[in-house]
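**Student:** Sequence:
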Amino acid sequence: MESITKNRQSLDALKSMIERAYGPGRVPVGDDIADELGHGWFNVAYRVRLADGAEVVLKIAPPADVEVMSYEHEMMRNELTALALVQEHTGVPVPRIDFADTTRTLCDADWFTMPYIDADNFGVLLESGRVAPDESDLLHEQLGAVTRELNSVIGPHFGPLRGPGFATWREAFTGMIGDVLRDGERADVDLGRSYAELREVVAAHADALDEVVEPRFVEWDLWPGNTMVRDGRIVAIIDHERALWGDPLIEGGFTGIDLAAFGDPSAFLRGYGRDAADLTETERRRRRLYTLYLVLVMIVETRYRGHAEPWQYDWSRARLDELMPLFG
1 MESITKNRQS
11 LDALKSMIER
21 AYGPGRVPVG
31 DDIADELGHG
41 WFNVAYRVRL
51 ADGAEVVLKI
61 APPADVEVMS
71 YEHEMMRNEL
81 TALALVQEHT
91 GVPVPRIDFA
101 DTTRTLCDAD
111 WFTMPYIDAD
121 NFGVLLESGR
131 VAPDESDLLH
141 EQLGAVTREL
151 NSVIGPHFGP
161 LRGPGFATWR
171 EAFTGMIGDV
181 LRDGERADVD
191 LGRSYAELRE
201 VVAAHADALD
211 EVVEPRFVEW
221 DLWPGNTMVR
231 DGRIVAIIDH
241 ERALWGDPLI
251 EGGFTGIDLA
261 AFGDPSAFLR
271 GYGRDAADLT
281 ETERRRRRLY
291 TLYLVLVMIV
301 ETRYRGHAEP
311 WQYDWSRARL
321 DELMPLFG
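For what it's worth, this note's numbering labels the leading residue of the sequence shown as 1, then goes sequentially.
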């Protein structure tokens, strides 16, 4: 995915980063040392072959002078925090960080390195039709089980992992969706309906958020595209920069409960241990708010990414039109 947030670096800069991370003896020689991994939508990531033949990934945050959405500030540092939490409190497979640099001396952004994961991206397999339906169901079930394990970690507050936090989920979530709406207004994004109407919908259903009283670790952005698989098993979960302390029901795997366009959630729900039919009316109201938040992010971010093609904007606008009548 092409985006103006991708902070591509020169060959000399990449070699300097590798030297800082692994020492001068492992810096590769020549011009053909790195390939850009193109699946991400925000950061830039390179697959690098070290001098000793080992392969690593070098991931770099957006340039300092590129405007990002409110929740996207210092997301790489949030990812480092998320990875440490997952490794300390769960058995979920995630990448090991070899080296992280937040000094912004070799380039204008944070960056880190990790071992290259020799596996297939589940999302790419689905898009290319290279996974059979029964295998897809099994992997979605595994994704549900993984998500449940991640959600078992209890946090100190609601909101960003690194703080500052909120005492209630209502404060945290209404602040999150309020930020997205302000981002949209600042960039003059056409949502197809008034910002005032959307704020009224959030206010009308915000009481459903009060039922959530225990902050849990949630990835929010956990979907097949951030899942690496090999031999029918999930071997790694990647891209943790959007993790937060919140309500597990906000996880991406539940989104299909509200809108069919996000895919059949049945296999995910089996793996997670939930049944859509058992959701209470309050849970359904919360779930619609979470889908609203996701769709708004998907619409507004197209302006901040500088997308040349309109397909994501058009697709997301259609989802907003489908969702709004569900609020009554």
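Honestly, the hints are just simulated from the structure, not real lab data.
Where is the CB? At the ideal position from N, CA and C, for every residue including glycine.
Take these hints with a grain of salt, some might be off.
[Said to hold, decoys possible] The calculated label-pair distances, taken between Cβ atoms and stated as ranges, are:
1) E200 - T282: 49 to 55 Å
2) M298 - P156: 25 to 31 Å
3) A204 - D118: 28 to 34 Å
4) D32 - A276: 46 to 52 Å
5) G91 - D207: 14 to 20 Å
6) T103 - D179: 24 to 30 Å
7) G23 - R182: 44 to 50 Å
8) A167 - T280: 52 to 58 Å
9) T282 - R148: 19 to 25 Å
10) E309 - H89: 35 to 41 Å
11) A167 - F327: 22 to 28 Å
12) D210 - A277: 22 to 28 Å
[Claimed, not checked] DMTMM-like, lysine to aspartate or glutamate: derived pairs with alpha carbons at most 25 Å apart:
13) K15 - D52
14) K6 - D32
15) K6 - D101
16) K15 - E36
17) K6 - D207
18) K15 - E88
19) K6 - D108
20) K6 - E135
21) K6 - E55
22) K15 - D31
23) K15 - E135
24) K6 - D120
25) K15 - E74
26) K15 - E55
27) K6 - E88
28) K6 - E171
29) K6 - D35
30) K6 - E149
31) K15 - D32
32) K6 - D31
33) K15 - D35
34) K6 - E283
35) K6 - E141
36) K15 - E127
37) K6 - D137
38) K6 - D188
39) K6 - E19
40) K15 - E171
**Student:** Look at each hint and say if it fits the structure.
**Tutor:** Evaluation of the provided hints:
no., hint, verdict
1, E200 - T282: 49 to 55 Å, "violated, 19 Å"
2, M298 - P156: 25 to 31 Å, "holds, 30 Å"
3, A204 - D118: 28 to 34 Å, "violated, 49 Å"
4, D32 - A276: 46 to 52 Å, "holds, 50 Å"
5, G91 - D207: 14 to 20 Å, "violated, 36 Å"
6, T103 - D179: 24 to 30 Å, "holds, 28 Å"
7, G23 - R182: 44 to 50 Å, "holds, 45 Å"
8, A167 - T280: 52 to 58 Å, "violated, 24 Å"
9, T282 - R148: 19 to 25 Å, "holds, 20 Å"
10, E309 - H89: 35 to 41 Å, "holds, 40 Å"
11, A167 - F327: 22 to 28 Å, "holds, 26 Å"
12, D210 - A277: 22 to 28 Å, "holds, 24 Å"
13, K15 - D52, "holds, 14 Å"
14, K6 - D32, "holds, 20 Å"
15, K6 - D101, "holds, 17 Å"
16, K15 - E36, "holds, 14 Å"
17, K6 - D207, "violated, 38 Å"
18, K15 - E88, "violated, 31 Å"
19, K6 - D108, "holds, 12 Å"
20, K6 - E135, "violated, 33 Å"
21, K6 - E55, "holds, 21 Å"
22, K15 - D31, "holds, 10 Å"
23, K15 - E135, "violated, 40 Å"
24, K6 - D120, "holds, 22 Å"
25, K15 - E74, "holds, 24 Å"
26, K15 - E55, "holds, 14 Å"
27, K6 - E88, "violated, 30 Å"
28, K6 - E171, "violated, 32 Å"
29, K6 - D35, "holds, 14 Å"
30, K6 - E149, "violated, 31 Å"
31, K15 - D32, "holds, 11 Å"
32, K6 - D31, "holds, 21 Å"
33, K15 - D35, "holds, 13 Å"
34, K6 - E283, "violated, 37 Å"
35, K6 - E141, "violated, 32 Å"
36, K15 - E127, "violated, 34 Å"
37, K6 - D137, "violated, 33 Å"
38, K6 - D188, "holds, 23 Å"
39, K6 - E19, "holds, 22 Å"
40, K15 - E171, "violated, 44 Å"
Comparing the model with each numbered hint stated earlier shows that hints 1, 3, 5, 8, 17, 18, 20, 23, 27, 28, 30, 34, 35, 36, 37 and 40 do not hold.
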